[in-house]
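Undergrad: Given next are the chains, with one letter for each unit.
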Amino acid sequence: MEFIEAVFQYEFLQKALLTSIMVGIICGVIGCFIILRGMALMGDAISHAVLPGVAISYMLGINFFFGAVFSGVLTAIAIGFVSQNSRIKHDTSIGIMFTAAFAAGIIIITLLKSSTDLYHILFGNVLAVRSSDMWITMGIGLVVLAAVYLFYKELLVTSFDETMGAAYGLPVRMIHYFLMTLLTMVTVASLQTVGIVLVVAMLITPAAAAYLLTDRLSIMIFLAAGIGVISSITGLYFSFTYNLASGAAIVLAATALFILVFLFSPKHGLLWKMLKVRKKRASLV
Amino acid sequence: MHHPAISIKDLHVSYYGNEAVKGISLSVQPGNLIGIIGPNGAGKSTFLKAVLNLIPKDKGTIHLFGSSIQEARRKIAYVPQRNDIDWDFPITVLDAVLLGTYPNLKLFRRPGKKEKIWALECLDRVGMKDFSKRQIGELSGGQQQRVFLARALAQKADMFFLDEPFVGVDVSSEETIVKILKELCWHGKTVVVVHHDLSKAEEYFDQLILLNKELVDFGPVSEVFRTETIAKAYQGQFAFMKEIGV
Ligand SMILES: Nc1ncnc2c1ncn2[C@@H]1O[C@H](COP(=O)(O)OP(=O)(O)O)[C@@H](O)[C@H]1O
Ligand SMILES: [Mg+2]
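Chain order of the listed sequences is Z and V.
Using numbering that gives the first Met the number 0, the first residue of the first sequence is number 0, and each one after it goes up by one.
Using numbering that gives the first Met the number 0, the first residue of the second sequence is number 0, and each one after it goes up by one.
To be clear, the hints were calculated from the coordinates, so they are not data collected in a lab.
Some hints could be false.
[As the list claims (entries may be wrong)] Which bits of chain V does chain Z cover? Going by a derived footprint, with three or more residues having C-beta under 8 angstroms, they are: (1) 66-73; (2) 78-88; (3) 95-106.
[Claimed, not checked] Which chain V residues face chain Z? A few, computed with CB under 8 angstroms, are given here: (4) LEU51; (5) LYS56; (6) THR60; (7) LEU138; (8) SER139.
[Unchecked claim] Chain V is nowhere near these chain Z residues, computed Cβ spacing over 10 angstroms in every case: (9) ILE3; (10) GLU10; (11) TYR151.
Note that the structure is a prediction, hence the values are computed from the model and not measured.
Every residue, glycine too, gets a C-beta built ideally from N, C-alpha and C.
With the rest of the complex left out, here is chain V (with noise of 0.2 angstroms):
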């Protein structure tokens, strides 16, 4: 029962010999919510998906809720990174978020009106119930992004992964987007968010990842939150955090 939600054990993942993420160990407990954070390229998406076993590690063990990730899968939503969609995809909003209850669906089942309640429920916690029938390429970037969100409740999950959420999205989407993740915490749920931005990152999490290919810093955002630690991550990236007021 006590089960850690994420419990990682020296992961290293490369891409033809290259190494993106070297080393992490690390472990989290479940109702937080768990910000990733390191400049561009610092191997963010890749620890995700390795986490999530959708591409191959070279080395380290997973667990989540101590069971291994096939066995999890069902427990698990992941929301991917904005550019990897394609917006033109003959899908309604409805339809899109409908996808959220394919993986408690069994084989040869269609969604029926129940699914569609839940789905149009999902939708309407996301504020986004009148744009139903609308194609979603026809939404503003944070429309979208809570449109995927609303999917990713419809799913159920116990934990949740979002892959730089708030990229392209305006403030009043990212509030909303925010006071929902909160209360998925709330309810003993675990999220976990990539952010590439350092801004609001004190105001939004409860636990920060630090990663720069290893992991630099992790804990409570308090401890992380310190100038040398955000350096190191950032190396060379000063400018930037002079801008942020770090």
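Only chain Z is shown next, with the shape it has when bound in the complex (with noise of 0.2 angstroms):
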């Protein structure tokens, strides 16, 4: 109650809530893309990857959307290209590249700025999101909400079926690598609320959660931006109570739902699977 008050009060407690319910939202809508296809490490490099591009935006000062952008394309770029002209698999691929593109943006904001700014990027600081902040991933939000529902047809045929979107004429290369970008916008706009050590737990965790309660891809696709909401919120308001660090709370708040729906998911849950076993077992005696 005191932080619904709080939220009516305070307008530094607004713009987190409003920013960190835009974060909940489109890490839970790409987040359903990246575990289908696969990229749970590719989220987790990219995300990591924005760091050097950042740093530089701010040695430059320009807008750090855009170095992070192009840092996170670029490591995107690098991760295929060694895979597809080497024996090296793509996991190990991704492994050599983003760490070292993290550690080359560590080194850079170091040699920068105050060890403070470091931590809020890597952990994020969603009760300082100010108000240019908000609005970037206000706007970000839209652009990848946009664009998921246009291409909605070319990204649901490449996840499921690649080969036969190739087949019919689709560029799927290119379509990789759209995802990509979008995937590097998301964490872009969720360096405030999660930092980019955590944001790989906003898209997996929620997404992962709705892939348990459900058949269909575009219901997953809710019922994750929903989870990520929820999550959003609980997290905020433990961040905010008990002076925890906004970051970790959403995640471990995330966690939590993920748990639940693992125990108590109707068709795909621990429990459920078990009784049913069970009560089969028992027919048969």
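From these two lone chains plus the hints, build me the complex, please.
TA: Pasting the structure below:
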């Protein structure tokens, strides 16, 4: 109750709330495609890889959005290049490239600025969101949602059966990099809320919970967005009330929801599965 | 008007320098049911993917209906090998078949009522209409393959490519699939089927492409289906051949 009063009272909390709701939605939506394409590791990699871009943007005094998208997409291309042109497997290539980008980012930031900035970029601080950050997040969010809405058909085919897509003439490589660009944008939008290190949790955990709840992609996307939003609000509440790190609180809220779904999901939940097996066995005695 | 359905000249494909397909030339007339036969690792899938330009080729020219593959794409339906599919994907049978209508939908357009009715018709044709609301992983292997055939039918293609459609498929599903493929050919469509197993080949196909990296033989089934040519394709796999009574 205090939290709700505080939301009405304090503008910084309103901004925090709106920003984290948008982050919950877009992470959930993009996360569905990430996990269905088996790219969870790629999600982690790209989110880390925006760091040098953010650092260089600070250095040049430009908006960090541009630097972040640039270094994120460049890393995605480098990962693809190494795995396609050598016997190095995709996950190995991911490991090499994103750690390199991340390390470069850390060095640039430590050369440049105080370590508090680094801390905030890495772990987020939603209660310090400025108006301009909020508008960037809203703008990115709308672009991402519009892109998924408009290209839903293409994203669905290439996620389910990429070869079919290629066979009827879809530019599957381009769609892959398009998705990587959206992923980078989502990471940038989430910088303030959950931070670079934990973005991957917001991409994967709500989507994974949604995956256990439905057998249709369209429904999964809405559920993932919903679970993302609930996690964001719950996390923000705990972060505000008990003065906890916002990103970590949001991620743990998502984890708690995942565990609930993992146990109690009507069709794929552990508990119901066990109960069904038991009932069946009992009926055969 | 009298272009061959498929015409291939001197096709070479390799993976990192290892040749998987060597110097294949052939041409196929429309309305035929064609089997691609050869032992495991013979390059059958590679050949198919190269014909559809899904993997790069080292050399060779390919024409479908006298035009390049890019121009012919909308006339082609491809059914991948079973293990290329994630059967846990959150998609229902009907939605999977609806994917077949995508190639003919404009950018930003969603399948509507018309497409759904058509998809259900295609499902009906393979005898899977009652399963339209199931998740695709909840079907048997034969049912899954029939759903993918329905998806290909939904594409309204002129040419069908199927990679090992009979693997892990029950007898009655196999019969349904073969029956539909033969009907397609009677309507002038061209159907190419990869099949690693010699049994039934004589019964199913009009023409055979016998492949073992190189083109071992190509022609009407009765001509290709002689022991020497088969033996050449299946070098060292005689035990298997005796089993099926070649
Ligand atoms: N992606 C790939 N990378 C490297 N080698 C491959 C790849 N795909 C197939 N091969 C090799 O090419 C040969 C032909 O494979 P394939 O076309 O799948 O044979 P088939 O379908 O007749 O069983 C095999 O030796 C296989 O190991
Ligand atoms: Mg094969």
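Undergrad: Give a verdict on every hint.
TA: Verification of the supplied hints:
no.: 1; hint: 66-73; in the structure: holds (count 3)
no.: 2; hint: 78-88; in the structure: holds (count 5)
no.: 3; hint: 95-106; in the structure: holds (count 5)
no.: 4; hint: LEU51; in the structure: holds (5 angstroms)
no.: 5; hint: LYS56; in the structure: violated (15 angstroms)
no.: 6; hint: THR60; in the structure: violated (19 angstroms)
no.: 7; hint: LEU138; in the structure: violated (12 angstroms)
no.: 8; hint: SER139; in the structure: violated (17 angstroms)
no.: 9; hint: ILE3; in the structure: holds (35 angstroms)
no.: 10; hint: GLU10; in the structure: holds (39 angstroms)
no.: 11; hint: TYR151; in the structure: violated (8 angstroms)
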